[in-house]
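Protein chains in written order, with UniProt numbering: chain H, 1 to 282; chain D, 1 to 282.
Be aware that a few hints might be false.
[Claimed, not checked] Think about it this way: if two alpha-carbon atoms lie no more than 27 angstroms apart in a straight line, the pair counts; the simulated BS3-like pairs of lysine-lysine are:
id: 1; chain 1: H; residue 1: K276; chain 2: H; residue 2: K187
id: 2; chain 1: D; residue 1: K199; chain 2: H; residue 2: K199
id: 3; chain 1: D; residue 1: K276; chain 2: H; residue 2: K187
id: 4; chain 1: D; residue 1: K202; chain 2: D; residue 2: K37
id: 5; chain 1: H; residue 1: K276; chain 2: D; residue 2: K183
id: 6; chain 1: D; residue 1: K37; chain 2: H; residue 2: K276
id: 7; chain 1: D; residue 1: K202; chain 2: H; residue 2: K276
id: 8; chain 1: D; residue 1: K103; chain 2: D; residue 2: K37
id: 9; chain 1: D; residue 1: K199; chain 2: H; residue 2: K276
Hints were generated in silico from the structure; no laboratory data involved. Keep in mind the model is a prediction, meaning the values are calculated, not measured.
Number of protein chains: 2
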Amino acid sequence: MDASALRVGQGFRLADIDPSATPGFDPDELNGHGAKKRGAAALEENVPRLSDLQERLFASSTGGATDGVLLIVQAMDTAGKGGIMRHVVGAVDPQGVLITAFKKPTEEELAHDFLWRVERRVPGPGVIGVFDRSHYEDVLIGRVRSLAGPDEIERRYGAIVDFERGLVERGIRVVKVMLHIGKDEQKERLAERLGRADKHWKYNPGDVDERLLWDAYQDAYQLAIERTSTGEAPWHVVPANRKWYARLAVQQLLIDALEGIDPQWPAADFDVEHEKARLAAS
Amino acid sequence: MDASALRVGQGFRLADIDPSATPGFDPDELNGHGAKKRGAAALEENVPRLSDLQERLFASSTGGATDGVLLIVQAMDTAGKGGIMRHVVGAVDPQGVLITAFKKPTEEELAHDFLWRVERRVPGPGVIGVFDRSHYEDVLIGRVRSLAGPDEIERRYGAIVDFERGLVERGIRVVKVMLHIGKDEQKERLAERLGRADKHWKYNPGDVDERLLWDAYQDAYQLAIERTSTGEAPWHVVPANRKWYARLAVQQLLIDALEGIDPQWPAADFDVEHEKARLAAS
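Work the whole structure out from these sequences, hints included.
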């Protein structure tokens, strides 16, 4: 699929994006199955390519390359972050991946600048880092719940742009994704969690508290995306009412980032023939 | 398969274990394919069971359960640790897994007791922690290379037993695995790495240095296993000349540990009907 349509550009308006759309992916591309099945099959088909790129990225770092990838995933509750972690990120070698789920900040974290805890989880060379929520919470819930004043929120937009530029300059591709679900779809997904005893653990009464602030969150996303979508670290808004589509789109964004790096197997830093002789004699 | 045959018991002798064996797994169980294919198919078949248990473990921790699992994998170079991480551990939700690859200790780590860096990576409740190498290096290479004196090595055996007992008392099942390959098989695998440009990055001249000390390492493993295999945290020696077998065996050991916990979905800590009404009104 072509994921370039998901990239945020000039005049971006979140409210204009249909959460049920499937841009860049033609549901009629394959015949004989439902879109869900076709999407899952396409996801599976791309795994070898993604795995190969990930292994090359990891290998290249052993030869001194400094490239890495940071995938940032933001979304309203139930939009499918967990499914992305499991089905997209989970399909690559876990040894080359560093997932961080950012929760409500601890006392220690609150005693530092909002970027402190995030900087500590930036992936090293060769690694695909994944943020499940991120420093963007500090300008999303931070704004909606007035956890910081307007001046501080303003400062944070700028600090985020600077921080991410620094990452890119160090060789880390920053892939920013908002999974965009509709309000009705969220209601259905929360209802499903409430309806099944084996899903209750995924439900939190706070989810409805946040849901009641839906419009304020959409505004906060609009603003955050506007203020922090840059040439070097653009946002991508991924319609997420169809889980198969969102997974496929994020997988493609990862593949695109890795292809942009085009990581190469490093040359041996030892004498291959000499080592063959040593091994043969051992 | 029945993995109980892999458990180290009284009178254990590493030298008596055939690295090409497949104990507990009858290669004739399934017909029509080679053992390798059958093993891969069996591995795939067990994934849903392992995934379900992992999700239950994670869920149970949100309800206050303190259970966790720590899989410790030790082996000579090329024995297949990476394949275990990728194909066994990599098949479960990465959000519930914490893999740590222990390398040569840093200056900071060396300034602390040998268990310091390990304690910091013990999995929390609900998590499957995986150690790719571990504190056992400190009684393996530590002994073979005389990185510590005999008295200190002696002290470490006891410290390890105490440390692991503490983990078990906290609710962490400790699954200790030695992947056991033969010396000839290692030679073939190292030769393969030397023979392919895209595998050179996996080769290190130090691998042959360690290989030259093969017998000393086998002795060190024998001793370490003898001294630290306890009722609460026994060792398992997994013949590893056949990769498909080793993966299947470690997967089974993980499943057995999780079945021993028998994690349950936690009860809702909120009023389900009340939340349904709030959601409906939102």
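Each hint tested on the structure:
no., hint, in the structure
1, H:K276 - H:K187, "violated, 63 angstroms"
2, D:K199 - H:K199, "violated, 44 angstroms"
3, D:K276 - H:K187, "holds, 10 angstroms"
4, D:K202 - D:K37, "holds, 25 angstroms"
5, H:K276 - D:K183, "holds, 16 angstroms"
6, D:K37 - H:K276, "violated, 31 angstroms"
7, D:K202 - H:K276, "holds, 14 angstroms"
8, D:K103 - D:K37, "violated, 33 angstroms"
9, D:K199 - H:K276, "holds, 14 angstroms"
Going down the numbered hints, you'll see the structure goes against 1, 2, 6, 8, while the others check out.
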